[in-house]
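Protein sequence lines, in the order shown, are assigned to chains A and B. Here the first sequence is numbered in full-length UniProt numbering, starting from 1 and rising by one per residue. Here the second sequence is numbered in full-length UniProt numbering, starting from 1 and rising by one per residue.
Hints listed in this document are in silico derivations from the structure and should not be mistaken for laboratory results. There's no promise every hint is true.
EDC-like mimics (lysine to aspartate or glutamate), calculated; alpha carbons at most 16 angstroms apart, straight line [what the hints assert, rightly or not]:
no., chain 1, residue 1, chain 2, residue 2
1, A, Lys100, A, Glu83
2, A, Lys92, A, Glu46
3, A, Lys30, A, Glu46
4, A, Lys86, A, Glu144
5, A, Lys129, B, Asp17
6, B, Lys87, A, Glu166
If you're wondering where the values come from, they're calculated on a predicted model, not measured in any experiment.
Okay, here's what each chain looks like letter by letter:
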Amino acid sequence: MSSSTDSPTLTTETTQLSPQPDTETAKPTKKITLKSSDNQIFEVEESVAMEFATVKSFFEDSPSTDTVPLPNVTAKPLSQVIEFCKEQIKFKANPDEAQKKKYNAEFVTEKSDKDLVDMIPVANYLEIKDLLDVLNQAVADRIENKSVEYVRSFFGIDNDFTAEEEAALRREHAWAYEGVDED
Amino acid sequence: MVPEFGGSSLLLGLPDDVFAIISRSLSPRDMCTLSLCCRSLYGLVASEKVWLTQCDNVGIISHQDIMEWRKGVASYRALCRFLVSVKPLIGIWELGPLGIEEGPILWAPVFEIIGDLDGSTSFFLHGREKGNDHVYPGSVKSVERNCNVLFLEVESRQQKSKLFPNKSFAYGSDKELARKLSRSHYGLSRSQRLIIQCEPKLPFSSLPFTDRRKLIDVVTSEVGQQVPRLENRLLFPRLRNDEESFQKDMALLFQRRSLLLKLCKLGQGFNWTEAPEVASDPTRLQWSEIRRILDWSSGSLNGDDNQMESNAKKSLGGYFRAYIRGIWGKSSSINGSHAHSKHSSSSRQSKHAQLLEFLGSGDTIGLTLHASKMKLSSYRAWPNMHDSQFALYKLPMRAPRADQEYAGLWGGTFGWPPRGTPLKTGLEKLCSFF
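Please build the complete structure, drawing on both the sequences and the hints.
Here it is as structure tokens:
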């Protein structure tokens, strides 16, 4: 990962579009640059970046860096994760559990299956616990009581069992499906 | 490593605890679904940790007990299987007004459901004959999730074990496996149907009452096993006051369980390779036996049946015949007393046909517990109980008050205080030790 220094020109607009001073702490905030694996650059406020435990410790280890490379993270999920964290910061400043719950619920419901699934490793890698909890729950909700076929396509899994193996496994697991209506 | 997180690699790439978080909010059924997705997920879901969480989630026994019960089964998954299958049975059950008033069983205080090594269930009806404790092993038929009635039934079933000479998948109980198979339509893809359809076409409950009663009598008298009094002195561990006596209790109970399971399995486990055809499961009566009796062939009844020879307490033939005759005699006398018209004989015949059809749908019969959901009318929160069923009824449950301890599983009896006043049945932790 050579971090070329002239790439900041690629800075995505989205992350900077909400500079409304709002209620956030009035003092000018330091910006931190994150670089995704597909070389997109994200400039986020320090407070947001500090939500990412991984980034935080990166800075603690080497405070002089200005760009944090995130080799495991692609741009799209990263931008969504940043969006989530920005909101969380607001809730931190103004605790409102009900609003927060509502936001979290909306945040996941409007995401596609793929988006959700893609965000999990990102949230995990960046160690954003709140988000991870929200995502895990959302994924669990989406695959709950679904068929094997559905779950496979949800995660984009290829079935690598032979027909005989699968039949045998289904027999072995038949107990879990008893007395439940297929939906 | 960068680009495609997705697919199972996603779940696999996550550390255990992330997967554990996801699995926490999923049901055992969902876990099974996941493990059927692909090999790697199968491996992931196979972990003890995942199933320990699932056992906790079932929520019918304490974490401490889960650890204890784990010792009796092959894995937490097996334990979970057991817990899931008995969960709907938890509650207070009231016996119906009907007891088996005559016949060899005088009363049966409780039934008991025991989980085998692989988490499959065995059913033991308790009873007393001639002052000795007896158990009547049987099976647990489908338990509907929101059941409110427990029926004591006789089940006619194909002796399927011979179809599965190798035991690679279910940990050991082919009988169980085969039984599961027969119900594969409960949630599995249609492709599973291939196996066997042996769901009796005629449900037990549609038989005339007298036939049902006689069948139960016949089966219980055959499958009943005397239990040494010693083995029954402790059914539940006492309160966990001090660890030492608790462990002693557990050891006793463990012993008792092994004994019961052995009773149930006797013959099935042994001799199994030498004589798979005999398939001698003492909890079931073979059709050949029944048919022979139905044919009234009076000769050579005690010659060739190893199964009966090995377990029988009495010479079977005449005894059995008397029973079947009893069944028919009874139903005909009832019909006869009501009408002298030609109807009676034809209806008798059709009843016989029903019985034959019921018996003919499998080649063995055995005792079974059938938990199902019925529409019940009730009077002041007490279900109205029907005279003609061997059943326990679930009572509405009130949340325990602070000074009451919820003792776990509850149960009652199948009958036996003389008809009339139903007994409020034992507030003991009842079935399902291990």
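Hints versus structure:
1. Restraint check for lysine 100 (chain A) and glutamate 83 (chain A): satisfied, since their Cα atoms lie roughly 14 angstroms apart, inside the 16 angstroms limit.
2. Of the pairs offered as hints, the one joining lysine 92 (chain A) and glutamate 46 (chain A) holds, with about 15 angstroms between alpha carbons and a cut-off of 16 angstroms not exceeded.
3. For the hint pairing lysine 30 (chain A) with glutamate 46 (chain A), the CA-to-CA distance comes to about 5 angstroms; that is within 16 angstroms, so the pair holds.
4. At roughly 30 angstroms between alpha-carbon atoms, lysine 86 (chain A) and glutamate 144 (chain A) are farther apart than 16 angstroms, so this suggested pair is violated.
5. The suggested pairing of lysine 129 (chain A) with aspartate 17 (chain B) holds, with an alpha-carbon distance near 12 angstroms, which does not exceed 16 angstroms.
6. Taken as a hint, the lysine 87 (chain B) and glutamate 166 (chain A) pair is broken in the structure, with Cα atoms around 27 angstroms apart against an allowance of 16 angstroms.
Hint violations for this structure: numbers 4, 6, all remaining hints satisfied.
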